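Participant: For reference, the chains in residue letters:
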Amino acid sequence: MDMNEIKEIFFQECEEQLAELESGLLKLNDGDRDPETVNAVFRAVHSIKGGAGAFGLDDLVGFAHVFETTLDCVRSNKLEPNQDVLKVMLKSADVLADLVTASRDGGGVDEARSRGLVKELEALAHGEMPSAHAEVAKPAKAEAPKPSDDSGFQPIPFTFDGFDDDVPAAKGSVYEIGFKPRHDLYAKGNEAALLLRDLSKLGEMSVGCDMEQLPTLDKLDPEASYFSWKISLTTEKTEADIRSVFEFAEWDCDLDVKLAAAKPSDEELPMVPVPFDLSSLDDELGSDTKAADEAAAVVATEAAANVSKMAAAAARVEKKEAAAPAPAPAQAAATAAAGQTIRVDLDRVDRLINLVGELVINQAMLSQSVIENDASGTSAVNMGLEELQQLTREIQDSVMAIRAQPVKPVFQRMSRIVREVADMVGKQIRLVTEGENTEVDKTVIDKIAEPLTHMIRNAVDHGIESPEKREAAGKDPEGTIKLSAKHRSGRILIELIDDGGGINRERVKQKAIDNDLISPDANLSDEEIDNLIFAPGFSTADTISDISGRGVGMDVVKRSIQALGGRISISSRPGLGSTFTMSLPLTLAVLDGMVVTVAGQTLVVPLTAIVETLQPEASAIHSFGATQRLISIRNSFCPLVDVGRILNFRATQANPVEGVALLVESEGGGQRALMVDAIQGQRQVVIKSLEANYTHVPGIAAATILGDGRVALILDVDAVVAASRGQSLSPEMSLAATG
Amino acid sequence: MSYAVKNLTQASRELIAFRIGDQEFSVNIMSVREIRGWTPAMQLPHAPADVRGVINLRGAVLPIVDLSARLGMKDAEPTARHVIIVAQVGKRIVGLLVEAVSDILTITEENIQPVPEISSDLAKQYAKGILAFDKRMICMIELDHLFPETYLEKESEAA
Numbered sequence: 001m002d003m004n005e006i007k008e009i010f011f012q013e014c015e016e017q018l019a020e021l022e023s024g025l026l027k028l029n030d031g032d033r034d035p036e037t038v039n040a041v042f043r044a045v046h047s048i049k050g051g052a053g054a055f056g057l058d059d060l061v062g063f064a065h066v067f068e069t070t071l072d073c074v075r076s077n078k079l080e081p082n083q084d085v086l087k088v089m090l091k092s093a094d095v096l097a098d099l100v101t102a103s104r105d106g107g108g109v110d111e112a113r114s115r116g117l118v119k120e121l122e123a124l125a126h127g128e129m130p131s132a133h134a135e136v137a138k139p140a141k142a143e144a145p146k147p148s149d150d151s152g153f154q155p156i157p158f159t160f161d162g163f164d165d166d167v168p169a170a171k172g173s174v175y176e177i178g179f180k181p182r183h184d185l186y187a188k189g190n191e192a193a194l195l196l197r198d199l200s201k202l203g204e205m206s207v208g209c210d211m212e213q214l215p216t217l218d219k220l221d222p223e224a225s226y227f228s229w230k231i232s233l234t235t236e237k238t239e240a241d242i243r244s245v246f247e248f249a250e251w252d253c254d255l256d257v258k259l260a261a262a263k264p265s266d267e268e269l270p271m272v273p274v275p276f277d278l279s280s281l282d283d284e285l286g287s288d289t290k291a292a293d294e295a296a297a298v299v300a301t302e303a304a305a306n307v308s309k310m311a312a313a314a315a316r317v318e319k320k321e322a323a324a325p326a327p328a329p330a331q332a333a334a335t336a337a338a339g340q341t342i343r344v345d346l347d348r349v350d351r352l353i354n355l356v357g358e359l360v361i362n363q364a365m366l367s368q369s370v371i372e373n374d375a376s377g378t379s380a381v382n383m384g385l386e387e388l389q390q391l392t393r394e395i396q397d398s399v400m401a402i403r404a405q406p407v408k409p410v411f412q413r414m415s416r417i418v419r420e421v422a423d424m425v426g427k428q429i430r431l432v433t434e435g436e437n438t439e440v441d442k443t444v445i446d447k448i449a450e451p452l453t454h455m456i457r458n459a460v461d462h463g464i465e466s467p468e469k470r471e472a473a474g475k476d477p478e479g480t481i482k483l484s485a486k487h488r489s490g491r492i493l494i495e496l497i498d499d500g501g502g503i504n505r506e507r508v509k510q511k512a513i514d515n516d517l518i519s520p521d522a523n524l525s526d527e528e529i530d531n532l533i534f535a536p537g538f539s540t541a542d543t544i545s546d547i548s549g550r551g552v553g554m555d556v557v558k559r560s561i562q563a564l565g566g567r568i569s570i571s572s573r574p575g576l577g578s579t580f581t582m583s584l585p586l587t588l589a590v591l592d593g594m595v596v597t598v599a600g601q602t603l604v605v606p607l608t609a610i611v612e613t614l615q616p617e618a619s620a621i622h623s624f625g626a627t628q629r630l631i632s633i634r635n636s637f638c639p640l641v642d643v644g645r646i647l648n649f650r651a652t653q654a655n656p657v658e659g660v661a662l663l664v665e666s667e668g669g670g671q672r673a674l675m676v677d678a679i680q681g682q683r684q685v686v687i688k689s690l691e692a693n694y695t696h697v698p699g700i701a702a703a704t705i706l707g708d709g710r711v712a713l714i715l716d717v718d719a720v721v722a723a724s725r726g727q728s729l730s731p732e733m734s735l736a737a738t739g
Numbered sequence: 001m002s003y004a005v006k007n008l009t010q011a012s013r014e015l016i017a018f019r020i021g022d023q024e025f026s027v028n029i030m031s032v033r034e035i036r037g038w039t040p041a042m043q044l045p046h047a048p049a050d051v052r053g054v055i056n057l058r059g060a061v062l063p064i065v066d067l068s069a070r071l072g073m074k075d076a077e078p079t080a081r082h083v084i085i086v087a088q089v090g091k092r093i094v095g096l097l098v099e100a101v102s103d104i105l106t107i108t109e110e111n112i113q114p115v116p117e118i119s120s121d122l123a124k125q126y127a128k129g130i131l132a133f134d135k136r137m138i139c140m141i142e143l144d145h146l147f148p149e150t151y152l153e154k155e156s157e158a159a
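One line per chain: the protein sequences are A and B, in this order. Per the UniProt record's numbering, the first sequence runs over residues 1 to 739. Per the UniProt record's numbering, the second sequence runs over residues 1 to 159.
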């Protein structure tokens with residue numbers, strides 16, 4: 001494992017910690033005062049800082065440190081986490097996320113913003129309780145006389161990077177202690193870290209760990225003791241006091257205590273001075289041999305310089321943690337509750353899904369050929385096949401579940417957007433989320449974020465009114481946006497509800513008339529007017545703002561939802577707010593389709609596009625111009641599109657009366673009747689990429705493999721409809737049409 | 001000696017030889033993933049003449065190229081005896097429709113003769129050498145030249 005891989009893991013963990021941080025802060029914001037929530041928030045920032053230090057990400061460490069300091073005040077009940085405090089903290093969480101992103105991908109962050117927040121955080125920590133800062137700045141100085149004037153103490157942002165250089169001078173004499181535990185010490189259940197922690201309570205201490213004797217991994221005895229420590233302790237206590245710390249262990253270790261004349265120096269080269277936090281060690285490392293194990297694994301592959309960094313990362317915890325209420329039991333509980341997970345490369349999961357898809361097809365083929373040869377259906381082979389079929393179904397479901405992820409991360413991202421946009425437009429908005437643990441395929445989650453962001457921005461910018469307006473209307477000045485997710489009949493339903501002003505139908509209608517979307521005398525139902533906002537080129541914002549209303553609007557949202565095989569609708573009540581409802585498939589790997597025959601070829605038409613199917617009668621077909629034909633459906637005329645002709649499967653148009661018409665709705669909103677020869681049935685198909693080995697085929701969205709093992713093409717309805725409007729699918733098409 | 005021939009490795013290597021019409025061709029065995037019998041392909045709309053369609057190769061969608069048409073000869077009329085050579089070309093996998101696989105050849109550099117000066121641009125493009133073997137003439141095909149990385153994309157644009 002090289003440094004970059006470790007770094008990659010660190011950034012992955014950062015993502016999780018940031019999510020943890022944000023959800024914790026939001027809980028606090030909702031009035032949760034559970035100490036464990038505060039601890040979780042603190043831990044998240046702390047872990048990010050620790051890891052960042054190991055990789056020398058100074059900006060990140062610096063900011064995380066200030067943040068952590070303020071959080072510690074909350075944790076030790078010195079700072080009340082009220083709304084104002086939490087507002088700063090949520091902003092800080094955003095900046096922290098930006099810093100993590102900047103560290104990973106390069107690029108800068110908004111320096112002014114982060115500096116401003118650093119000041120705000122420091123003010124919070126300092127202004128409210130100066131004593132907390134004294135604690136931070138003078139760790140483990142319990143025995144030293146307190147400064148005469150606590151309140152005059154200036155807080156100093158304190159990182160432990162340069163720990164060995166700037167150990168503050170302390171009163172008392174300096175002892176050099178050599179401590180080398182033997183195997184027996186660990187065997188008797190003693191713990192070197194605990195001893196060192198006790199020692200640290202005597203005064204100002206710096207510890208260096210000698211890892212010189214650590215063998216390579218192949219020679220490592222997991223039960224042996226390889227580490228020894230050099231400690232320099234500045235204390236007013238006597239040598240006897242120091243020795244008493246080791247009272248129960250002194251037979252099992254080599255202990256050497258002597259008074260040093262001068263300030264301790266780091267001239268002994270093999271020693272790696274490690275800023276050590278002992279209180280955290282017993283939480284993080286079960287035993288010292290485990291530490292040796294881990295260190296050895298790293299030593300085996302890494303240069304000594306990196307070892308010191310890694311060790312520093314593992315151990316870097318502010319000593320002030322020792323002063324805070326011990327979080328150890330809570331921490332253990334949290335770890336247990338987190339559940340067991342492993343990280344798996346997405347490619348591996350996809351490969352598994354592919355293979356299982358293939359297994360299902362294979363099983364179907366096998367069943368089919370057995371049934372052909374054994375019509376009675378009673379043989380043992382048949383019975384076995386039935387069981388096989390059930391098993392394969394179960395395997396398929398389980399494998400699909402692996403890709404399913406809760407929508408939580410996306411929802412959490414939305415809360416940041418609400419905060420930022422609300423700040424920008426001067427509105428007070430609360431985001432309530434529901435059903436965050438609803439699971440859906442990872443690809444859906446990845447692709448839903450963008451349209452959802454757009455909708456949230458719209459809701460904040462246009463949906464919710466300004467506080468003054470709300471008050472005038474007798475509403476709570478703070479607006480509420482509710483984002484919820486739930487499963488319904490094999491799909492995921494995402495709802496975005498705001499309690500704003502609702503859609504101004506008069507204005508929408510006027511806008512649509514101005515933009516030539518509808519004729520001025522059109523008689524539209526309320527629902528139809530509401531849905532006009534999804535029309536291309538429609539934007540109700542009178543002024544084009546930074547936030548929304550860039551001319552591309554809800555039509556883009558609708559299109560991206562449709563590209564996912566989903567649908568979106570709106571319902572609105574004037575003065576009470578609007579509800580956007582999105583229904584999306586649980587996975588993009590499978591699709592419900594209608595299997596049809598066109599010119600002897602088998603095609604699949606996505607079911608989401610089909611409005612209805614009908615058998616055209618000769619009297620309903622009307623010629624229009626030279627080649628166009630229209631079909632009358634309940635007194636409205638709809639253009640007929642011969643799929644076989646569009647795809648160039650046949651040279652002349654088929655007779656519509658002999659086929660079946662599929663009434664489809666396309667992205668432009670218009671309806672078309674697609675002519676196919678016959679409908680074979682309706683089934684769920686596994687989507688296969690054509691691009692992987694070939695290239696994009698115009699008019700075709702993807703391919704699939706049917707139960708008989710043959711490839712079928714999935715029709716790109718939007719492209720076919722666009723082609724029927726005269727935009728040719730490909731140059732060859734137009735050539736064929738003219739020649 | 002042509003540039004291509006000079007670049008061949010000294011050690012012996014293996015080729016798969018196959019027949020199209022009365023001509024024999026060969027490709028490097030290392031780029032061949034498997035050989036399978038002909039199964040009817042799903043026709044692709046707007047595909048160039050040498051792309052027969054796609055078939056199911058254990059869950060992957062495999063385009064089938066009629067090598068005869070691709071090499072500028074007449075279109076193949078596939079029968080049950082035709083075979084598909086599944087070959088790796090760059091990052092893609094392509095099925096090559098040929099009449100029959102005839103041989104596996106082990107050759108060294110001495111067996112290879114340079115392509116003579118001929119007028120056919122197409123032949124110059126894909127042929128990287130000629131083998132004389134048991135009085136047979138076998139043309140060595142460079143698949144990367146026959147299907148340059150961008151070929152498949154280009155053909156759909158130009159189609």
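Errors might be hidden in some of the hints.
[Unchecked claim] Mimicking EDC-like on lysine to aspartate or glutamate, the simulated pairs with C-alpha atoms at most 20 Å apart in a straight line are:
{"#": "1", "chain 1": "A", "residue 1": "K27", "chain 2": "A", "residue 2": "E16"}
{"#": "2", "chain 1": "A", "residue 1": "K408", "chain 2": "A", "residue 2": "E20"}
{"#": "3", "chain 1": "A", "residue 1": "K237", "chain 2": "A", "residue 2": "E250"}
{"#": "4", "chain 1": "A", "residue 1": "K486", "chain 2": "A", "residue 2": "D350"}
{"#": "5", "chain 1": "B", "residue 1": "K91", "chain 2": "A", "residue 2": "D347"}
{"#": "6", "chain 1": "B", "residue 1": "K91", "chain 2": "A", "residue 2": "D350"}
{"#": "7", "chain 1": "B", "residue 1": "K91", "chain 2": "A", "residue 2": "E691"}
{"#": "8", "chain 1": "A", "residue 1": "K442", "chain 2": "A", "residue 2": "E495"}
{"#": "9", "chain 1": "A", "residue 1": "K237", "chain 2": "A", "residue 2": "D221"}
[To be verified] Residues from chain B that face chain A, not an exhaustive set, calculated with beta carbons under 10 Å:
{"#": "10", "residue": "P40"}
{"#": "11", "residue": "V51"}
{"#": "12", "residue": "V54"}
{"#": "13", "residue": "L57"}
{"#": "14", "residue": "R58"}
{"#": "15", "residue": "V94"}
{"#": "16", "residue": "L131"}
Just so you know, the hints here were simulated from the structure itself, not pulled from any lab data. Predicted model only: the values in this text are computed from it and were never measured. Just so you know, even glycine gets a beta-carbon here, dropped at the ideal spot from N, CA and C.
Participant: Now tell me if each hint is right for this structure.
Facilitator: Each hint, compared with the structure:
Between K27 of chain A and E16 of chain A the CA atoms are separated by roughly 16 Å; this keeps the pair inside 20 Å, and the hint holds. Distance restraint check for K408 of chain A and E20 of chain A: the Cα-Cα separation of roughly 11 Å lies within the 20 Å cut-off, and the hinted pair is therefore satisfied. At most 20 Å may separate the alpha-carbon atoms for a hinted pair to count; K237 of chain A and E250 of chain A meet this at roughly 19 Å. Using a Cα cut-off of 20 Å, the hinted pair K486 of chain A and D350 of chain A is violated, with the two alpha carbons roughly 25 Å apart.
Restraint check for K91 of chain B and D347 of chain A: the C-alpha separation of about 16 Å stays at or below 20 Å, so the hint holds. Note on K91 of chain B and D350 of chain A: the hinted pairing holds, with a Cα-Cα distance of about 18 Å set against a maximum of 20 Å. Simply put, K91 of chain B and E691 of chain A have alpha-carbon atoms about 11 Å apart, close enough for the 20 Å limit, and the pair holds. Using a Cα cut-off of 20 Å, the hinted pair K442 of chain A and E495 of chain A holds, with the two alpha carbons roughly 19 Å apart.
Between the alpha carbons of K237 of chain A and D221 of chain A the distance comes to roughly 38 Å, so the proposed pair goes past 20 Å and is violated. At about 8 Å, the closest approach between the beta carbon of P40 of chain B and any beta carbon in chain A falls short of 10 Å, and the interface hint on this residue holds. Interface hint at V51 of chain B: satisfied, since its Cβ lies 8 Å from the closest Cβ of chain A, which is below the 10 Å cut-off. Hint on V54 of chain B holds. Least Cβ distance to chain A is approximately 5 Å, under the 10 Å limit.
Restraint check, L57 of chain B versus chain A: the minimum CB separation of about 9 Å is within 10 Å; hint holds. Checking R58 of chain B against chain A: minimum C-beta separation of about 6 Å stays under 10 Å; hint holds. Hint on V94 of chain B holds. Least Cβ distance to chain A is approximately 7 Å, under the 10 Å limit. Interface restraint check for L131 of chain B: the shortest CB-CB distance to chain A comes to about 29 Å, outside 10 Å, so the restraint is violated.
When the structure is compared with the earlier hints, violations turn up for hints 4, 9 and 16 and for no others.
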